[in-house]
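**Q** Okay, here's what each chain looks like letter by letter:
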Amino acid sequence: MPSLKDLKNRINSVRSTRKITKAMQMVAAAKLRRAQEAAEAARPYAARMEAVVNGLAASVAGSDTAPRLLSGTGSDKVHLLVVMTAERGLCGGFNSSIVKLARVRAAELLAEGKTVKIITVGKKGREQLKRDLGDHLIAHVDLSEVKRVGYENARTIAADVLKRFDGGEFDVATIFYNRFQSVISQVPTAQQIIPAPVPDDAEATTLYDYEPSEEAILEDLLPRSVATQIFAALLENGASEQGARMSAMDNATRNAGDMIDRLTIEYNRSRQAAITKELIEIISGAEAL
Amino acid sequence: MADTLQFDLVSPERMLASVAASEVQIPGAEGDFTAMPGHAPFISTLRPGIVTAVTTQGEMKYVVTGGFAEVGAEAISLLAERGIPTDEMTQPTYDAMLADLRKAAGEASGDDADHAGKLVNDMVMVGQQLGLSTTAA
Chain A
3 MPSLKDLKNR INSVRSTRKI TKAMQMVAAA KLRRAQEAAE AARPYAARME
53 AVVNGLAASV AGSDTAPRLL SGTGSDKVHL LVVMTAERGL CGGFNSSIVK
103 LARVRAAELL AEGKTVKIIT VGKKGREQLK RDLGDHLIAH VDLSEVKRVG
153 YENARTIAAD VLKRFDGGEF DVATIFYNRF QSVISQVPTA QQIIPAPVPD
203 DAEATTLYDY EPSEEAILED LLPRSVATQI FAALLENGAS EQGARMSAMD
253 NATRNAGDMI DRLTIEYNRS RQAAITKELI EIISGAEAL
Chain B
7 MADTLQFDLV SPERMLASVA ASEVQIPGAE GDFTAMPGHA PFISTLRPGI
57 VTAVTTQGEM KYVVTGGFAE VGAEAISLLA ERGIPTDEMT QPTYDAMLAD
107 LRKAAGEASG DDADHAGKLV NDMVMVGQQL GLSTTAA
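These protein sequence lines map, in sequence, to chains A and B.
Here the first sequence is numbered in the working numbering, starting from 3 and rising by one per residue.
Here the second sequence is numbered in the working numbering, starting from 7 and rising by one per residue.
Fair warning: there could be bad hints in the mix.
As the list claims (entries may be wrong) - Ranges of calculated distance between the beta carbons of each label pair, as one might list FRET restraints: (1) A/Ile22 <-> B/Met21: 33 to 43 angstroms; (2) A/Gln194 <-> B/Asn127: 33 to 43 angstroms; (3) A/Asp162 <-> B/Met21: 21 to 31 angstroms; (4) B/Gln135 <-> A/Ala218: 24 to 34 angstroms; (5) A/Glu110 <-> B/Ser28: 52 to 62 angstroms; (6) A/Ala53 <-> B/Thr62: 22 to 32 angstroms; (7) B/Ala119 <-> A/Thr75: 23 to 33 angstroms; (8) A/Arg256 <-> B/Pro91: 40 to 50 angstroms.
What the hints assert, rightly or not - If you want the footprint, here are the derived chain B segments under chain A, 3+ residues with CB under 8 angstroms: (9) 19-28; (10) 42-54; (11) 82-93; (12) 97-106.
Calculated from the structure, these hints are not laboratory results.
In this text, all values refer to a predicted model and were calculated from it rather than measured experimentally.
Even glycine gets a Cβ: it sits at the ideal position worked out from N, Cα and C.
Let the sequences and hints guide you as you build the complete structure.
**A** Written out as structure tokens, the structure reads:
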């Protein structure tokens, strides 16, 4: 049975924890709005890029001169997983769900006898993956200094990935991130970026004239498209992180409130019990005289 | 036939412009061209240069680096890696852009070096047109 003083301390500590979680929730809410706006602002570019690349890809696919970023290296032995997580914790299952998805995929690939290489973006994913897949980590991108993710960040990551591809370090690249659905729901997503997936239903649009040739444009566009997809993923991730943190902190705040109520009741009960006990002692003492 | 076309300039980070224009001058990879309403459907990559859109409110000029333009009869979508209105273009920004290209040119080899060198020259031209110093960095 904790003493009255213990209970009082406990209540105070939970109360200050609640203040912190409440503040974090509000900060996350403000950041979420900005992150969502950024994600939305980037959508037109990504959508048009995808449309044009798909149109081009459909008309070039299958030809011998198709760029390697589209046709692949002809093998799928070495897989590169780009795992994007947050730099900070306290955002519920956000980081774990991405890592879990990546881990399952890595296990599948390893079971098939493929080689797996992993690039992590964000500190949390690295920490979690280091334990069991440490040997497969080949690089890490640190974004902890970056306040606001810009296209430049995505371009740097893309440049690194493309350099490795040109150097023949891997055959297939997949990015892992959380797609933002709503504040309470983020969907961990795996998306293949190299070789560029050609949608089955895309028809070759011969509508357009191309200058320079289709292949040349594609050569130019595919690296940009990789950067764009990474950028979009980073933004989705940013929004998801804030969303996840917001709901996690909302829960924490509510739990802290419940806990304070429970502890207060317990505190009052013990106080009452102590008073009653004292009274009984005084009364029995007086009767005994 | 409509006498204006919808001109959208988009960068990866945001939509820079979406206006009705009567003509748009675009620095295509294989030469500048002007798109007017009713242009045949056409896709071209861009080189560093200045895009000029003629609208009812006057001319809008943007410095763009690589990207591509999708031209249709009624609309033009310009997807530029970077797009900066010419009057917001400052010497430090320009220097940084030029330095990036120069660095890339220094690292490239073979055909790529020719191509990268061309990009640097294009960028120098942009600087001269805007009256910015092209010697720094």
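**Q** A separate judgement is required for each hint: does it hold in the structure or not?
**A** The hints, checked one at a time:
no.: 1; hint: A/Ile22 <-> B/Met21: 33 to 43 angstroms; in the structure: holds (38 angstroms)
no.: 2; hint: A/Gln194 <-> B/Asn127: 33 to 43 angstroms; in the structure: holds (37 angstroms)
no.: 3; hint: A/Asp162 <-> B/Met21: 21 to 31 angstroms; in the structure: holds (28 angstroms)
no.: 4; hint: B/Gln135 <-> A/Ala218: 24 to 34 angstroms; in the structure: holds (26 angstroms)
no.: 5; hint: A/Glu110 <-> B/Ser28: 52 to 62 angstroms; in the structure: holds (56 angstroms)
no.: 6; hint: A/Ala53 <-> B/Thr62: 22 to 32 angstroms; in the structure: holds (29 angstroms)
no.: 7; hint: B/Ala119 <-> A/Thr75: 23 to 33 angstroms; in the structure: holds (25 angstroms)
no.: 8; hint: A/Arg256 <-> B/Pro91: 40 to 50 angstroms; in the structure: holds (48 angstroms)
no.: 9; hint: 19-28; in the structure: holds (count 3)
no.: 10; hint: 42-54; in the structure: holds (count 6)
no.: 11; hint: 82-93; in the structure: holds (count 3)
no.: 12; hint: 97-106; in the structure: violated (count 0)
Figure legend: structure checked against the earlier numbered hints; the only hint not met is number 12.
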